[in-house]
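**Student:** For reference, the chains in residue letters:
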Amino acid sequence: MSAGPLLQARGLRKHFPLRGGVLQRARAWVRAVDGVSFDVRPTETVGIVGESGCGKSTLARLVLRLIEPDAGTVTFDGEDVLGAPPPRLKRLRRDMQLVFQDPYASLNPRLTIEDAVAFGLLVHGTPRAVARERARALLGRVGLDPRLYGRRYAHELSGGQRQRVNIARALVLDPRLLVLDEPVSALDKSVQAQVLNLLADLKAERALTYVFISHDLDVIEHVSDRVLVMYLGEVVETGTADELARAPKHPYTQALFASAPTMDPDRRMERPPLAGDPPNPIDPPSGCRFRTRCAFAMPRCAEAPPAPRPLGVGHEGACYLYDAEPAAFIRARTS
Amino acid sequence: MAVTTALPGELEAPVQAPMSYWRTVGWRLARDPATLVAGGVLAAIVLSALLAPWLAPYDPNAGSIRVRLASVGSAAHLLGTDEQGRDMLSRLLWGGRMTLVAGLTPVLVAFGLGTGLGVLAGYVGGLTNTLVMRTMDIFYAFPAVLLAIAISGALGPGLANTLISLSIVFVPRVVRVAESATVQVKGLEYIAAARASGAGVAAIVRHHLLANVLGPILVFSSTQVSLSIILAAGLSFLGLGVTPPAAEWGLMLNTLRQSIYVNAIVPALPGVAIFVTSMAFNLLSDGLRDAMEIRG
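If you read the sequences in order, they're chains A and B.
Convert by adding 88 to the 1-based position in the first sequence; the result is the number in my numbering.
Convert by adding 32 to the 1-based position in the second sequence; the result is the number in my numbering.
Keep in mind that the hints are not guaranteed to be accurate.
[Unchecked claim] Pulled a few chain A residues facing chain B out of the computed Cβ check, cut under 8 Å:
1. L152
2. R181
3. L186
4. D190
5. A193
6. S194
7. N196
8. R198
9. V211
10. R257
[Unchecked claim] 20 Å max Cα-Cα, derived SDA-like pairs, lysine to any residue:
11. B:K218 / B:A234
12. A:K178 / B:A234
13. B:K218 / B:G232
14. B:K218 / A:S145
15. A:K178 / B:G230
16. B:K218 / A:A193
17. B:K218 / B:P248
18. A:K277 / A:H310
Derived by calculation from the structure, the hints in this document are not laboratory data.
Cβ coordinates follow ideal geometry from the N, Cα and C atoms, glycine included.
Build the full structure now, drawing on both the sequences and the hints.
**Tutor:** Given below as structure tokens:
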């Protein structure tokens, strides 16, 4: 096993043009992802959390090169993903797969589910009979009896069953990395638990590495080893799931955890949770993007964006509160 | 007496394979009364047109001055004769061939060409899309009748030119439907999933895109057949389509129109034929649209 990270993203950026006018020229840019860097080590689960619209899904698609980034690099097991020519990219795609959020839009309504799962293998040249056999075996593994469900169409299945099909489809190529984009958000709580358990079992069985995207803090805390907190296209804090839950440092992370309903009275916070909506990503605030909603905003927050700084072992945050002046932070907290 | 006892194997969950999509559509079509009636009428019209050489009692182009404008139900001519004494039944049977060819061919051409261009524009997007779609918009800007008349007028009369001009009328319409269906399907996650598994454009279009856009394009095209029949007949009526003495329903309507005061029923016959045929196509496309709306 290689010692380095399995997946390494550096300075990923994607700005989507908003076109208008007769000539369809870009009139504004939506800064969906703005300079995101992170590492994923083999067999760990990295959670990415943030409000809707903060760029989580775009980030997932950038990493898998389903969208071409404007800047940045992605390295998978030492190989450059973004510069890979088509044949090498096709091979790389076997190793990195994606499970989508919407269990309805993510399955072709005209394919039986065994064909949907087998498609990936056919693309890579596996004979049809072999591909179908493997697809059926994998359907069985994710809890769908292929004799009962193999020849069915997606619309005949429930949301949870469809999500199992999606997982089977992602796994059929024996990937090493699975990017899960809100895989349980569209499901009922009870079904969520089943799918999460299935994902945990599969991870252990196949030594998989997960990038798990969700807006649900409970889920993220439950599944992740390390967590990235995103706000408006930027990573504001990274750390182990335990540490972030126990001692969140960035005011946004604090607010996120404060706004999550909790059964534990020790974790209830007095401070009001986040108010208002995130600012428009077309025209984000200057300096620190969170300052417009931050309880501790200082004049310098508007001047330049804070760089990420270490806040502990494997813990980083981008906030001026943790500069050389801890007194300012303490004053702010107690006031 | 055979006693039916279930064998152990039969008690297990039935491995019933659900019908494929197109078989389901066919099954639903076959159970819709309006579709069955329209289909029956259409089958009769198509068959009679195909079998015209054997069914027609007279030569459609040979007439006799002495039996001009015989009324419907006369002894020798079941549906009467036209202004030149030609047998109406024979001419209607032969004319059906022309009208059906002129109605179906442009739509088939438009279906093929329009799907290709629309899927290309929709899937590739960007500059290709702009080029294809703006070019189509130029044709789309003219009303169908005006465009057909203008192109036919420029090309001159004749069946081939009618087919060309009507194809030009229908291609842009199909391209629009194909493009919008393609853009919609292209954004769905199963297409992204196929890309993530390493599939190339050809495989994605073939296995994931076409199957999901052909339905709406087919339904739209089928609604255009009746319009095409009427336009083809209209071009002939104006003298821009099939040339005399060939039998074609629109042309027959034109040559008989002065006789309407002498014998009102005979000149109406080609009109009735056009109406019934286009109506049958309309009902059939309605049935097809309903049958293809399958969602769990």
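**Student:** Now tell me if each hint is right for this structure.
**Tutor:** Structure-based check of all given hints:
Among the interface hints, the one on L152 (chain A) holds; its C-beta lies about 6 Å from the nearest C-beta in chain B, closer than the 8 Å criterion. Restraint check, R181 (chain A) versus chain B: the minimum CB separation of about 4 Å is within 8 Å; hint holds. Restraint check, L186 (chain A) versus chain B: the minimum CB separation of about 5 Å is within 8 Å; hint holds. The interface hint given for D190 (chain A) holds, since its Cβ lies 6 Å from the closest Cβ of chain B, which is under the 8 Å cut-off.
A hinted interface residue such as A193 (chain A) counts as satisfied when its beta carbon comes closer than 8 Å to some beta carbon of chain B; here the least separation is about 5 Å, so the hint holds. Hint on S194 (chain A) holds. Least Cβ distance to chain B is approximately 4 Å, under the 8 Å limit. At its closest, the beta carbon of N196 (chain A) sits 5 Å from a beta carbon of chain B; the interface hint therefore holds under the 8 Å criterion. Using the Cβ-Cβ criterion of 8 Å, the hint placing R198 (chain A) at the interface with chain B is satisfied: the shortest such distance is roughly 4 Å.
The criterion of a C-beta within 8 Å of any C-beta in chain B is met by V211 (chain A), whose closest approach is roughly 4 Å, and the hint holds. Look at R257 (chain A): its Cβ gets to within about 7 Å of chain B, closer than 8 Å, so that hint holds up. Proposed proximity of K218 (chain B) and A234 (chain B) is supported: the alpha carbons are some 13 Å apart, at most 20 Å. Annotation: proposed proximity of K178 (chain A) to A234 (chain B) holds, straight-line Cα distance about 14 Å (limit 20 Å).
With a C-alpha separation of about 14 Å, the suggested pairing of K218 (chain B) with G232 (chain B) holds against the 20 Å cut-off. Taking the CA atoms of K218 (chain B) and S145 (chain A), the gap is about 17 Å. The hint holds against a cut of 20 Å. Proximity of K178 (chain A) to G230 (chain B) is assessed by CA-CA distance (about 5 Å); at most 20 Å being required, the pair is judged to hold. As the CA atoms of K218 (chain B) and A193 (chain A) are separated by approximately 11 Å, the hinted pair is consistent with the 20 Å bound.
Proposed proximity of K218 (chain B) and P248 (chain B) is supported: the alpha carbons are some 15 Å apart, at most 20 Å. With a C-alpha separation of about 14 Å, the suggested pair K277 (chain A) and H310 (chain A) falls inside the 20 Å cut-off, and the hint holds.
In this structure, every one of the numbered hints holds.
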